[in-house]
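Visitor: Here is how the chains run, residue by residue.
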Amino acid sequence: MKIIYLTILAAVLGLCLWNLFSAKKPSLQATAAMVIVPLLLRLFLIN
Amino acid sequence: MSELLIFIIMVGVFAAVSFALKWPVSISMLLAAIAGALAGGEGIPIRHLVEGSFGYVDTILTISTAMIFMNAFKESGGLESLSTAVIRRFHKIPALLVILLMLVAMFPGMITGSSSAAVLTAGAVVAPILVLMGIPAAQVAAFIAMAGILGMIAPPVNVPAMIIGGGIDMPYVGFEIPLLLLTMPLAILSALWFGYRYIKKTDMKKVLAALDSTTLDKYGAFRLFSPVILVLVLMVADRAFPRYSNLGMPLIFTIGAFLAFFTGKRFNVLNAAKLAVEQALPVLGILVGVGMFIQIMTLTGVRGFIVVNALSVPPALLYLAIAVSIPLFGAVSAFGSASVLGVPFLLALLQQDQIITAAALSLICALGDFMPPTALSAIFAAQVVGIKGYGSTLKKLIIPSLVVVAWALIFIIFSKQIRGML
Amino acid sequence: MKKHHISALIFLAIALVAAGIAGASFLSMRENEYIAKGPGVSEVKMLSDWFPALAGSPGDTEVYILRSESSNDDAASMLVLGGTHPNEPAAFVAAVLLVENAQPSAGTLYVIPRANNSAFTHNDPQEGSPQRFTIKTPDGDRVFRFGSRATNPVHQWPDPDVYIHASSGQSLSGNETRNLNRGYPGKADGTLTEKVCYGITELIKKEAITITVDLHEASPEYPVNMAMVAHPNAMPLASETVIGLEMQDIAIGLEPSPVNLRGLTHRELGDFTDTLPVLMETPNASQGRLRGKTDEALVLTGIDPWYVKAEKLGRLYVPYDGNGHPIEERVGRHVAGIAELAFTWTLNNPERPLEFSGLPSYAELLDTGLGIWLKAPEQ
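Heads up: the sequence lines are chains A, B and C, in that order.
Just so we're aligned: 16 in my numbering is position 16 of the first sequence, and the numbers increase by one with no gaps anywhere.
Just so we're aligned: 422 in my numbering is position 422 of the second sequence, and the numbers increase by one with no gaps anywhere.
Just so we're aligned: 73 in my numbering is position 73 of the third sequence, and the numbers increase by one with no gaps anywhere.
Warning: the hint list may mix true and false statements.
Stated by the list, open to error - With a straight-line cut-off of 30 Å between C-alpha atoms, the simulated DSS-like cross-links for lysine-lysine are:
(1) A/Lys25 with B/Lys74
(2) B/Lys274 with C/Lys2
(3) C/Lys3 with A/Lys25
(4) C/Lys187 with C/Lys45
(5) C/Lys2 with A/Lys25
(6) A/Lys24 with C/Lys3
(7) B/Lys92 with B/Lys201
(8) C/Lys312 with B/Lys416
(9) A/Lys24 with C/Lys2
(10) B/Lys74 with B/Lys395
(11) B/Lys22 with A/Lys24
(12) B/Lys22 with C/Lys3
(13) C/Lys136 with C/Lys37
(14) C/Lys206 with C/Lys45
(15) B/Lys388 with B/Lys200
(16) A/Lys25 with B/Lys22
(17) B/Lys274 with A/Lys24
(18) B/Lys205 with B/Lys74
(19) B/Lys274 with C/Lys3
(20) A/Lys24 with B/Lys388
(21) B/Lys274 with B/Lys388
Simulated from the structure, these hints should not be mistaken for laboratory data.
All chains, full assembly: derive it from the sequences and hints.
Guide: So this is what it looks like as structure tokens:
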């Protein structure tokens, strides 16, 4: 189950990264960057 | 620096950035948290800021996957066809229909304990039907937002009640009937309040004639609606057979989204998923920002300052303090409010019936989901209905919220008498 | 490259730097702190020696065995669990103090200082906890981790919406899935937390542990505090012990283990094994909801103006003044409780004595402080 959830998390993280680069407004980019941090650390099983 | 001053600085920075500069709530929360940490002599504690956001990793996954599922269902033509099918069947009995739709909108909240899950799934299904029935959009948003929080509190799953009970080592047992008594009268009342006034005036025959049913006729109801049916079945299975089925909301929504790809009109999966996360990002950002904000409030002592001051009102004003402080603290998170304020208030009310009091407190906690800036239930409801901004939705919710608080307080004050009647 | 791609890269870089700094800080929590083998320690085993499925997992943890020379298979024994909840520091430090000082002359003492080893590797989100606290010893600083109440989600994830206790079917909030003291008697094929519970239960059964003491702390607003909670089987022992502690001027309450609250040591270990389980609570402001500024000083002293105010408002279940509840006092209560349990046992069972020396009394600890009872790390 953990692997499945990490896969889902990786997909959501990927979509956030895509949105970070496709967004034109800096405020939306900053929001995407904020969301990326915890997802990235969980994906690598750091916290 | 005193806790009061730090609190004022945090709220001040938030207000300045969010209202004056008009930056998103997520960034305003982040900057307010940093300002609080600096004022508290903590520098910029990156570990604390990031750690705070971890409180919402699971919620982020639930919301993202729910949005992806709903987008996929919409793109497949299922959502629109569902409205068509329901109105065809029930247009002759509109009063019963609104009550039924209220219960449908509550259902995912009842079994997941999450108002966002309810609003984003069943809420999104029910909303277009209500709009077709002639109810104004803001009213519809308020309807499904209310369904979200009532669903979250109604049994079998009520996370705030579990959190409050957990704080005093009271197991989540025997809550079903008090919670039904708390939520069901409010559900019926809300359905009529938000819906019935308008439906009376609507000519359902005209509505019926205007419906477009090409997708429905092409694919058939069962095939088109099967993703929603599957999601509901899996949710119920998770709840009914927890020993055997333990998929969790994010996985259930992912499975539903996959199925929606095959059951109706063809669409680009990647684009639909990307758009879904784009729509969810502002809220995901708010959650991350709120996590940071709470962490810094706790670190600097502002949380203790708020809690002890809420508890220090004279006994006569205790009920007022409950009615005001719990929803206000819920602005940062309804679950957080249950833990931080719900538990001490329950301890202050030990002379009452514990289960009924905890159940009623959990209902007041749920109102936190209407409280800006997070206002998860209201934000998603407005988004689902397609209204820009959630201010108009919130206005419609003020009077019903007061009724909810009053109803919950009646349960607390008369908890022993109510216990006697059960 | 388009303009918004450049800004995206900048934001991504900031996110990566923040993740890097925070990540390094989180990873630093994985390193176990130093625990000295005291003069009484005869053997150090791992919990996986009793339940091999735990070997190599983040739940495996050291079991210190302090066996008296006269000890045989029939001898009485005591298991002390510290660090069931690593955000309750006096429980952990008291267990370490036992390992480093106790010298059994009759019976065997088993100590698991880090009962939930995984929970030591992170902190609870939104609690603002310090990662570590330092106690000064004559030879240098001893650093202890201040961990989380629950297993690290990195080791056990995701949580269910509702946690169903395996043997009773009782429902609790989903995050309690990772609470060691809700998982007993454990499950061999369960979650990591349930496996650790199972391992501890196996140890108790296989070693026929006479008395099990689960050390805890509680927030000062929590009703069961400065108290011993006992399973019905352990009630006679606990009630005599509490009287003995009162005679040493240690105010302590006695609570029966609630029948309907499942998964806790003082309920399940008594129901499922032959051990006599008791649990002890001391007041810890650094885990409370009413606390002010959260830092290392609060962990060590318990001094907190908001708790003083809350006590005046009648909201607390323990006395609270400007002196707080320092860690010496809290560790002292635990150590005195353990010594008194052994003393009471021996008084009633002279044929199977349980005796250890080398431990400071409550008054002594308050007088000398903790430092001289802890060994500095070897250079």
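Visitor: Now tell me if each hint is right for this structure.
Guide: To see whether the hints hold, each was checked on the structure:
1. A/Lys25 with B/Lys74: Roughly 27 Å between the alpha carbons, so the hint for A/Lys25 and B/Lys74 holds.
2. B/Lys274 with C/Lys2: holds (20 Å)
3. C/Lys3 with A/Lys25: Status holds; Cα separation ~11 Å.
4. C/Lys187 with C/Lys45: At roughly 21 Å apart (the allowed maximum being 30 Å), C/Lys45 and C/Lys187 satisfy the hint.
5. C/Lys2 with A/Lys25: Holds. C/Lys2 to A/Lys25 sits at ~13 Å (cutoff 30 Å).
6. A/Lys24 with C/Lys3: This hinted pair holds, its Cα atoms lying about 9 Å apart.
7. B/Lys92 with B/Lys201: Roughly 13 Å separates the two Cα atoms, so the pair holds.
8. C/Lys312 with B/Lys416: Within the cut-off at roughly 28 Å; holds.
9. A/Lys24 with C/Lys2: Holds, at about 10 Å.
10. B/Lys74 with B/Lys395: The given pair, whose Cα atoms are some 28 Å apart, holds under the 30 Å limit.
11. B/Lys22 with A/Lys24: Given that 30 Å is the threshold and the Cα spacing comes to 17 Å, the pair holds.
12. B/Lys22 with C/Lys3: Satisfied, since the Cα-Cα distance of roughly 22 Å is no more than 30 Å.
13. C/Lys136 with C/Lys37: OK: C/Lys136 and C/Lys37 at ~19 Å, within 30 Å.
14. C/Lys206 with C/Lys45: holds (14 Å)
15. B/Lys388 with B/Lys200: holds (27 Å)
16. A/Lys25 with B/Lys22: holds (13 Å)
17. B/Lys274 with A/Lys24: holds (15 Å)
18. B/Lys205 with B/Lys74: holds (25 Å)
19. B/Lys274 with C/Lys3: With a Cα-Cα distance of about 21 Å, the restraint between B/Lys274 and C/Lys3 holds, given a limit of 30 Å.
20. A/Lys24 with B/Lys388: Measuring from Cα to Cα gives roughly 19 Å; hence the hint holds.
21. B/Lys274 with B/Lys388: Distance ~20 Å between B/Lys274 and B/Lys388 Cα, so the pair holds.
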